[in-house]
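Visitor: With the sequences and hints as input, model every part of the structure.
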Amino acid sequence: MTRWGMAIDLDRCTGCEACVVACAAENNIQTVGEEQAREGRAMHWLRIERYYEGEFPNVRTRFMPVLCQQCGAAPCEPVCPVYATYRNPEGLNAMVYSRCIGTRFCANNCPYTVRVFNWFDAEFPAPLDSQLNPDVSVRPGGVMEKCTFCVQRIQAGKDEAAQEERDVADGDIRTACQQSCPTKAITFGDLEDPDSEVSKWAESPRAFSLLGDLDTRPGVVYLSGSEWREPAE
Amino acid sequence: MSGNDGKRGEPRVTIGRRDFFKVYAAAGVAVLQGCRRRDEEWIESPVRRSTALPGASVWRRSICGQCGAGCEIEVRTVDRLAKKIEGLPEGFVNAGGVCALGHSALQELYHPDRVTEPMRRGASGELEPVSWEEALESAATAIAAAPDATTVVAGAPPGPLLGLWRRFAASVGAQAPVHWQPADVVVEREAARLAFGEATRPAYDMARSDYVLSIGAPFLDGWRSAAHFAGAWAELTADRRGKLVQVEARHSLTAANADDWLPVRPGSEGFLARGVAGLLLGSGTVGEAERAAYETLYPEAPPDLAATAERCGIDANRIERLAAELSRAERPLVMVGGSALDGGNGVAAGAAGLALNALLGAVGREGGVFAGVDFGFEDRVAGDAEATVPPATLSDRLDGAGGSNVLVVSEADPLHGMPGFEAAFKGASTVIALSAFFDDTTLQADLVLPIQTDLERFQAVEPDPVRGIPALLIASPTVAPRSEARHPGDVALALAAAAGSALPWPGFQEAVEASLSDAFTATRADAEGAGALPALLITGALNARQFVRRTTDAGGLVGTAEMRRAPVRPAQVDGEGAPAGLPDPASMAASAAPAGVESFTLIPFESVKLGDGRGANRPWLQELPDPLSTVMWGSWAEVATEDADRLGIHGGDIVRLTGTAAEIDLPAIVLPTVRPGCVGVPVGGGHADYGRYARGRGVNVNALLSTDRHVAGVGAFARGGVRVRVERLRRPRRSERPVIYGRGLRQAEEIPVGWAPHDGGKA
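So the sequences go chain by chain: C and L.
Heads up: the first sequence is residues 1 to 233, going by this note's numbering.
Heads up: the second sequence is residues 234 to 996, going by this note's numbering.
Hints are computed from structural coordinates only; laboratory data are not their basis.
Using N, Cα and C, we set each Cβ at its ideal position, and we do this for glycine too.
There is no bait here: all hints are sound.
For each label pair, taking beta carbons as the anchor points, the in silico distance ranges come out as:
(1) C:G141 x L:G881: 41 to 47 Å
(2) L:S357 x C:V82: 56 to 62 Å
(3) C:P125 x L:S968: 20 to 26 Å
(4) C:G141 x L:A289: 27 to 33 Å
(5) C:N88 x L:A289: 22 to 28 Å
(6) L:L775 x C:S226: 57 to 63 Å
(7) C:P125 x L:S637: 40 to 46 Å
(8) L:V801 x C:P125: 53 to 59 Å
(9) C:G225 x L:E543: 34 to 40 Å
(10) C:W119 x L:T349: 29 to 35 Å
(11) C:A161 x L:T349: 42 to 48 Å
(12) C:P125 x L:A763: 51 to 57 Å
(13) L:L962 x C:Y83: 48 to 54 Å
(14) C:G142 x L:R928: 29 to 35 Å
List time: in silico DSBU-like cross-link candidates among lysine-lysine, alpha-carbon distance up to 35 Å:
(15) C:K184 x C:K200
(16) C:K184 x L:K476
(17) C:K200 x L:K476
Here are some chain L residues the structure puts well away from chain C; computed CB gaps all over 12 Å:
(18) E370
(19) A409
(20) R441
(21) R524
(22) A534
(23) G616
(24) E619
(25) G660
(26) T754
(27) D759
(28) E761
(29) T893
(30) R956
(31) R961
(32) R964
Guide: Have a look at this one:
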């Protein structure tokens, strides 16, 4: 069985945010405008966290892309009263938009704060809507959304492999953030395949889980050799 | 699939046109097959019927035109609509990367506030729609009435389009065009001329270096090709193989990713370069040839360590360590750019930095610096027309002709981007703007001619010489033009014809093809002669027509690594042609400080969000948190923690920055990364128009600059070294609060705890 996973090498991430814009373009993520953004309602599925260490002039800056961790034991799932979010057989925390009634319990329970809520219907003033990706739905107001690991690309990759009567090969499927990264800091693939690149990255001595002591069993692996990281026990 | 198997540095002429088109016929099938499993049906189903197009995806190659770097991209189109931009993996400059600004070109293409038809200012004073014929006739009449008082401002990237504007200006009898380009390019070229003997932008081989000293060059912030340099940085620092040291007062994104950041006093960057040279010369590690090359450039003794540390305002130990590491490195490299070139001593500072390469033996070797060579297609199209002049000359031209001037502005917004230009602008009797948007300049124009955006037009670009290999990149339009927009090159040709000075081509594409044909003919006649291409590039073509067809189909011409060469001067260690001595970077023409208790050095900078302001009209970029301040939508002032404590400024407070000519109010962001005594403000905000997402957002920091401060030696505006007063005004009103990205594991500042080794998600 496949478990889709991602590995992000923080030592290669420059914080350029090309991935953030690529994600918005691929997944029809709406912009909410200045006033709503001021209220904390920006809709990014992927954000770059910035951390400082030290005092001037010996300051170190680190960046960390944070997206849905596609947890194996996801805190967001059991609190949904209508089962709008669930774990699919390939390890994705999937969302059924048409089921979501907007309680936002899932966002409240996500320790990574990666779920975003559509306070209003999305607006793409014409002809901006010409850019919308036809493979991805535009979510209506009142619905929660988050990173899907570009599930439409996963599906397209599986379909292409099926047409060619073969299995999906490692590297066939590339998420939008992965594709856009100029330093190739992101890799994506099947964590159950020991030969996949993502599995090899996950075996690195630099690999760790974000907030791993919560035991959420994330499908996202981070790599960092920086001295400021909490030492592994 | 690629005709050159992805190998870098090989001629691209073997690539067939079809190689750039990836047809994913499976996409249509995906819609049919995607509903086989119940859960997948639930996850994603195309509910938005108006855009759920059933057509197949077609990936088309194009060239990103958001800056002049020449990154190659692939554009996913579905039923003739552009959907997504990705980097072309075999891209000559970018090798698959695209920056945030490049991704947002889709929102430029499909912006709801684009200019859709030609407009002319009517008797009522309002812009009114007219036909293209009427617009061209009006423009031609104005130009023909005062040809020698006509000035073209061209924002085209280097290459044939810029050459066409030069040819246009010569044809109608106008003065040499003003090339609207990044602020530091003119200074960089002059610094290279002094240090290397060639006024071309240096090409840096960062990926093969093992130690990079970047003096002000913000190469991860959008300077030249951010995508290229991000990839090169990754190679440099992979497995801690190499090291990056960034020298600049502001903690840019590049500084944030450096192994060491030296926050020197603004304006002292060149002094640091001279001081480091002194330590290297005294270390006994410099070869005789390198010493001779350097001392030819600088006969005087460099400053000692104590003087350097004092002048730069950093610890002497850090300078010593820098020099020691440089001398130990196998392939060190010194880059200059950005804020180091912004001040009055920018040329001297740039030359001092570049000259370090001569001392380190980095000129013309792997991992070093090369000459920024090109194939000269700009000149081929321009013929014997005059070369372009820098933007700083624009005000003088308009001031000098008594208000009868005609200003033709193409793809530039000098009213927003040039400090103090408003007064000179009034000297233009007729302004003709070629623009896709009603920006600050277009809003004031008498004639507005709508032009195509990058993805709608035929492109021919000589890319930024990031690798020292010459190239000409060509791309066909990706999508059909919206409305009546035309190619700016075609408009120039139509204007010339309407003015009675027709050029020999019906369109821009034909002009490019003619220049290719001429190049082939010259090369075939004499492979070593003037105007010839490297003979390798025409190998296999039977005639000029076949060469042109093959080159345009292949997406251009790319040279080989063997075509790289060192700049002329450091190779001549005998000193032939060397100057008596390069200018001393010790002087810094700081402006007078305004009256007040606190005087700060203003550092205007370009963020990854808005660049020079071009990105301000894209909602994706406005709502993109700045990676360092995390501010979305609008402008901000970066204030050092130490200064904020002293002045009682808290994060979000509205502060007033007062210069000699103006004052601006904006929210303060208090950061531990700002050098005390400095205040950083991003450029690119405060547009008078430029569409609904940019109009009135933030402030234009150029208001604090003045036109009477120039970089010595080139006449470019000096935007560095400006002194301003900073004072706290008030806590922000609700509508004034900076829009700070509010999400995080914890709000910034601290490192998250509780991280644990990864178990692969299997536990």
